[in-house]
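Student: Protein chains in written order, with the numbering used here: chain H, 527 to 790; chain S, 77 to 398; chain Z, 21 to 316.
Think of the hints as simulated: they come from the structure by calculation, not from any bench.
All values reported here derive from a predicted model rather than from experimental measurement.
Every residue, glycine too, gets a C-beta built ideally from N, C-alpha and C.
A couple of the hints might just be wrong.
Taking beta-carbon pairs under 7 Å as the criterion, some of the chain S residues facing chain H (in silico) [said to hold, decoys possible]: (1) S117; (2) D260; (3) V261; (4) T262; (5) V291; (6) Q294; (7) P333; (8) L342.
With a Cα cut of at most 30 Å, we get these calculated DSS-like pairs of lysine-lysine [said to hold, decoys possible]: (9) H:K542 <-> Z:K205; (10) Z:K209 <-> H:K542; (11) H:K578 <-> H:K646; (12) H:K648 <-> Z:K209; (13) H:K578 <-> Z:K205; (14) H:K608 <-> Z:K209; (15) Z:K209 <-> H:K664; (16) S:K269 <-> H:K772.
Below, a sample of chain H positions facing chain Z; criterion: calculated Cβ distance under 8 Å [stated by the list, open to error]: (17) T581; (18) G582; (19) L583; (20) R606; (21) D618; (22) S621; (23) L623; (24) R626; (25) P636; (26) A639.
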Amino acid sequence: MNPLLAVNGVSKEYTKGNHRFQAVSGVDFAITRGETFGLIGESGSGKSTLGKMVTGLEPPTSGTITYEGNSLWNGNRFNRLKPGEMQIVFQDPQSSLDPRMRVQAIITEPLLALPAAERKEKGSKERLLALITRVGLKPDHLNRYPHEFSGGQRQRIAIARALITDPSFVVLDEPTSALDVSVQANVLNLLQELKRERNLTYLFISHNMAVIRYMCDRMAVMQKGRIVEIGHVNDIFVNPVDSYTKTLLSSLPQLHEKKEDIHV
Amino acid sequence: MLLEIHNLSVEFESMQDRVKALQAVSFSIDEGEIVGIVGESGSGKSVTALSILGLLEKNAHISTGSISYKGKNLLSLSKKDWQSLRGKEIGMVFQEPMTALHPTMRIGDQLAEVIHRHRSISYKEAYRQAVASLAEVQINDPELVARKYPFELSGGMRQRVVIALAMSAPPDLLIADEPTTALDVTIQHEVLKLMQELAQKRGTSIMLITHDLGVVAQVCQRVVVMYAGEVVETGTTQEVLHSPCHPYTKALIGALPDLAEQGQPLLAIPGESPDLRNRPDGCVFAPRCSCSLPICREDHPVLEPAVSGSLTHQVSCWGRNQ
Amino acid sequence: MSGTTLKTESLPAARSAKTVNPFWYKIRRNPLTLLGLFLLLLILLLSIFAPLISPYEPTKINIPERFAQPSADHWFGTDEVGRDIFTRILYGARLSLGVGVAVVVGAGVIGTIIGAVSGYFGGRIDQLIMRLMDIILAFPALVLAMAIAATLGPNLQNAMLAIAIIKIPVYVRLARAETLALREKLFVKAAVTFGIPSWRIIVRHIIPNALSPVIIQVTLDIGDAILLVATLGFLGLGAQPPTPEWGAMISIGWKYLLDYWWYPTFPGLALFLASCGFNLIGDGIRDILDPKANRS
Numbered sequence: 527m528n529p530l531l532a533v534n535g536v537s538k539e540y541t542k543g544n545h546r547f548q549a550v551s552g553v554d555f556a557i558t559r560g561e562t563f564g565l566i567g568e569s570g571s572g573k574s575t576l577g578k579m580v581t582g583l584e585p586p587t588s589g590t591i592t593y594e595g596n597s598l599w600n601g602n603r604f605n606r607l608k609p610g611e612m613q614i615v616f617q618d619p620q621s622s623l624d625p626r627m628r629v630q631a632i633i634t635e636p637l638l639a640l641p642a643a644e645r646k647e648k649g650s651k652e653r654l655l656a657l658i659t660r661v662g663l664k665p666d667h668l669n670r671y672p673h674e675f676s677g678g679q680r681q682r683i684a685i686a687r688a689l690i691t692d693p694s695f696v697v698l699d700e701p702t703s704a705l706d707v708s709v710q711a712n713v714l715n716l717l718q719e720l721k722r723e724r725n726l727t728y729l730f731i732s733h734n735m736a737v738i739r740y741m742c743d744r745m746a747v748m749q750k751g752r753i754v755e756i757g758h759v760n761d762i763f764v765n766p767v768d769s770y771t772k773t774l775l776s777s778l779p780q781l782h783e784k785k786e787d788i789h790v
Numbered sequence: 077m078l079l080e081i082h083n084l085s086v087e088f089e090s091m092q093d094r095v096k097a098l099q100a101v102s103f104s105i106d107e108g109e110i111v112g113i114v115g116e117s118g119s120g121k122s123v124t125a126l127s128i129l130g131l132l133e134k135n136a137h138i139s140t141g142s143i144s145y146k147g148k149n150l151l152s153l154s155k156k157d158w159q160s161l162r163g164k165e166i167g168m169v170f171q172e173p174m175t176a177l178h179p180t181m182r183i184g185d186q187l188a189e190v191i192h193r194h195r196s197i198s199y200k201e202a203y204r205q206a207v208a209s210l211a212e213v214q215i216n217d218p219e220l221v222a223r224k225y226p227f228e229l230s231g232g233m234r235q236r237v238v239i240a241l242a243m244s245a246p247p248d249l250l251i252a253d254e255p256t257t258a259l260d261v262t263i264q265h266e267v268l269k270l271m272q273e274l275a276q277k278r279g280t281s282i283m284l285i286t287h288d289l290g291v292v293a294q295v296c297q298r299v300v301v302m303y304a305g306e307v308v309e310t311g312t313t314q315e316v317l318h319s320p321c322h323p324y325t326k327a328l329i330g331a332l333p334d335l336a337e338q339g340q341p342l343l344a345i346p347g348e349s350p351d352l353r354n355r356p357d358g359c360v361f362a363p364r365c366s367c368s369l370p371i372c373r374e375d376h377p378v379l380e381p382a383v384s385g386s387l388t389h390q391v392s393c394w395g396r397n398q
Numbered sequence: 021m022s023g024t025t026l027k028t029e030s031l032p033a034a035r036s037a038k039t040v041n042p043f044w045y046k047i048r049r050n051p052l053t054l055l056g057l058f059l060l061l062l063i064l065l066l067s068i069f070a071p072l073i074s075p076y077e078p079t080k081i082n083i084p085e086r087f088a089q090p091s092a093d094h095w096f097g098t099d100e101v102g103r104d105i106f107t108r109i110l111y112g113a114r115l116s117l118g119v120g121v122a123v124v125v126g127a128g129v130i131g132t133i134i135g136a137v138s139g140y141f142g143g144r145i146d147q148l149i150m151r152l153m154d155i156i157l158a159f160p161a162l163v164l165a166m167a168i169a170a171t172l173g174p175n176l177q178n179a180m181l182a183i184a185i186i187k188i189p190v191y192v193r194l195a196r197a198e199t200l201a202l203r204e205k206l207f208v209k210a211a212v213t214f215g216i217p218s219w220r221i222i223v224r225h226i227i228p229n230a231l232s233p234v235i236i237q238v239t240l241d242i243g244d245a246i247l248l249v250a251t252l253g254f255l256g257l258g259a260q261p262p263t264p265e266w267g268a269m270i271s272i273g274w275k276y277l278l279d280y281w282w283y284p285t286f287p288g289l290a291l292f293l294a295s296c297g298f299n300l301i302g303d304g305i306r307d308i309l310d311p312k313a314n315r316s
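Start from the sequences, fold in the hints, and give me the full structure.
Tutor: In structure tokens form, the structure reads like this:
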């Protein structure tokens, strides 16, 4: 099966004066349609930089990223193959929503990049109302401003915004890291349901291993810009090969001492 | 008991309204014990810590209750006495370690000064001990780090320095508010181990405020679960995490992806946390509770033994016997 | 959930306090801002109702009554061709306020757009624009305004243009600084990932969010601009006689100061009060909106 997104030998180097910093070095992975691929690592591992390169925020220094076989970067230019095909949900819903815009304007914003006919069709009132209720908000919320919402509700707004263009591929960059545990549960459930209903493909970036294990089919463990281990989530959690993965897993505080308890 | 909080209520007053942040909170911490205070945002766990430290903001006032530390009521202390207690006997570690460090003083000097003040030794000897204490918190190349300023260190390093600071002048009570939340898991693991050592080797009691039940399971002997400014359940870590009694505690554990099977939805709590300006007459959790009884909305439950005869495991729920 | 919303009535004290608008609450606590507001309102009302308040026309010559002393007929006296000075001050207020506001708002709008574009794109365009602004700022403001006004020819339009040009760099810098911070915000990054064109991001996200410091600066600058218009008028580079402009009035009037003290004194007083009023309001608004000043 052809991969939906393929990352081949991608590196990213930042230069600040004489100082060079290799954020990502020689990373390869591929995501097939319909799967949830997890990218896990600690701060500075390069996982977020990868997310930026996939979504068009930062060009890679070398290597190629292809989507459906077409290269996403042409030098420093991002080829937006089909606007609205790929969307992103950021970590901090506090700053990812413009404080001066009403929820309706926020959610429909990605449509501005679409051709007029498609914009009209996808921005119809019925679609908007269906979407806002689907993510668990009320139609009268459309006229409010972001500061009137809790963190979990804001993340729902961000999810609705990502889905308005009917994307097939969504990058989730630490979507629940800023949320309380019970709110996180709600958002993770919603993301799972939406994936099933809309046949989405997720790239799930997180530092939280429990979340990755629960959400993802396959995962890659990143350390200092490199992928140290890649494979099916269950294989990695049960039989980690790389020493860093082992350290990560043993550092994860366990709710119950015995391991059997975890694999219910 | 080292610390005993009894019936503590705290209100915040602003121009517009009055918020009851804590409502009749009671719990205690024994010598050398690590007690976890668990709750989500708005549960009042940080307000509890600030009340003990006497660091509540001006618009907050303690309406009822007492905080007794080594038998004396902290609330009747003068500001000055409270401050000296805070420096010597009660230590603190916050989520953002920068708040605990002097921004323009080298790490080594900060540590040495505290050691110098605490033990009657020369400054030179104190500095030597300061470097040693850095090594003790797993800092590689402690001599180099000692010569650096706080801003030159990463978050994890800073938090370790703060722990070293707490360890070099061991307080009797350490209040740690989300000390590892901003850290990577591998560093969190080390910091937690250090805190455990602090409790075991030096007999420091630790009040560990966290939202992470995994952290609680790793280091705490007892847990206090807070919701909307109230204690809803308390007991040994084993009791609370393995046989939770309060529906909120159950939901909190069920909401964790740690134990969930892939594809199975996580247990979610419906609704939003309550408006602290208008507390319901009955149980605060009743509006979101999946097994609330008619009485839950009318009468406020109190902490009572979860199982008859249990001294440690207490829960504030009308449905505890169901 | 409904249980919590039902009980909003249970705290009557809290509800009555809620009706206090915090903005007005703060303004009311600051007597100087109130004074500024009062001055501005007074000048505004007087200039709007000028034809109702005064029976005279501002430019009608009446030689027999030249240099009349302040009296019940002519409150502020008359000038060298018998025009009522009070009337001319009222009509002059219209001009000063209008010109001051127009110049500063114009400079604010242009400066904000330039600053937002410069900050958003960065690179060479940014370098070029900022150096240009540095050059303008390097000159003493009044000297540059005089030079521009003199070069373009002495009239009110050119004076306005000159003042706008020297005011623009302030707004460019302000808007650029805000833009640099906003560019890193996630909602701007999000808009980039949607594939929204840059100019649209600037219009939708950058400018609306960069506006509050610009508005504060505008209120601070209006008083200054009124003063500058009068200065250019005084130097003969602004509004030309017989336009009832305060600066031009003072310019002619000061020659008669020793014999007819009222002639330059009253326009001067009007100018002083107007620029004072704007400055007090500007300071007040800054205190309210600036979080750093709030804390103390």
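Student: Taking the closest Cβ pair, is S621 (chain H) under 8 Å from chain Z?
Tutor: 4 Å, holds
Student: Holds or violated: K608 (chain H) and K209 (chain Z), Cα atoms, limit 30 Å.
Tutor: Given that 30 Å is the threshold and the Cα spacing comes to 18 Å, the pair holds.
Student: Going by Cβ atoms only, is T262 (chain S) closer than 7 Å to chain H?
Tutor: 5 Å, holds
Student: Verify the proposed pairing of K648 (chain H) with K209 (chain Z), using a straight-line Cα cut of 30 Å.
Tutor: Judged against 30 Å, a Cα distance of about 22 Å means the pair holds.
Student: Can T581 (chain H) be said to touch chain Z, with a Cβ gap under 8 Å?
Tutor: This interface hint holds because 5 Å falls under the 8 Å limit.
Student: Holds or violated: is the Cβ of V291 (chain S) closer than 7 Å to a Cβ in chain H?
Tutor: 5 Å, holds
Student: Is the interface hint satisfied for L342 (chain S)? The criterion is a beta-carbon contact with chain H at less than 7 Å.
Tutor: 4 Å, holds
Student: Min Cβ distance, P636 (chain H) to chain Z: is it shorter than 8 Å?
Tutor: Holds, because the Cβ-Cβ distance from P636 (chain H) to chain Z comes to roughly 4 Å (cut-off 8 Å).
Student: Hint validation: L623 (chain H) versus chain Z, beta carbon distance must be below 8 Å. Holds or violated?
Tutor: 6 Å, holds
Student: How about P333 (chain S): closest beta carbon in chain H under 7 Å, or not?
Tutor: Because about 4 Å separates P333 (chain S) from the closest Cβ in chain H, which is inside the 7 Å limit, the hint holds.
Student: Hint R606 (chain H) vs chain Z: min CB-CB distance below 8 Å?
Tutor: 5 Å, holds
Student: Is the Cα-Cα distance between K578 (chain H) and K646 (chain H) 30 Å or less?
Tutor: Holds, because 29 Å separates the two Cα atoms, which is no more than 30 Å.
The structure is consistent with each of the numbered hints, conforming to all of them.
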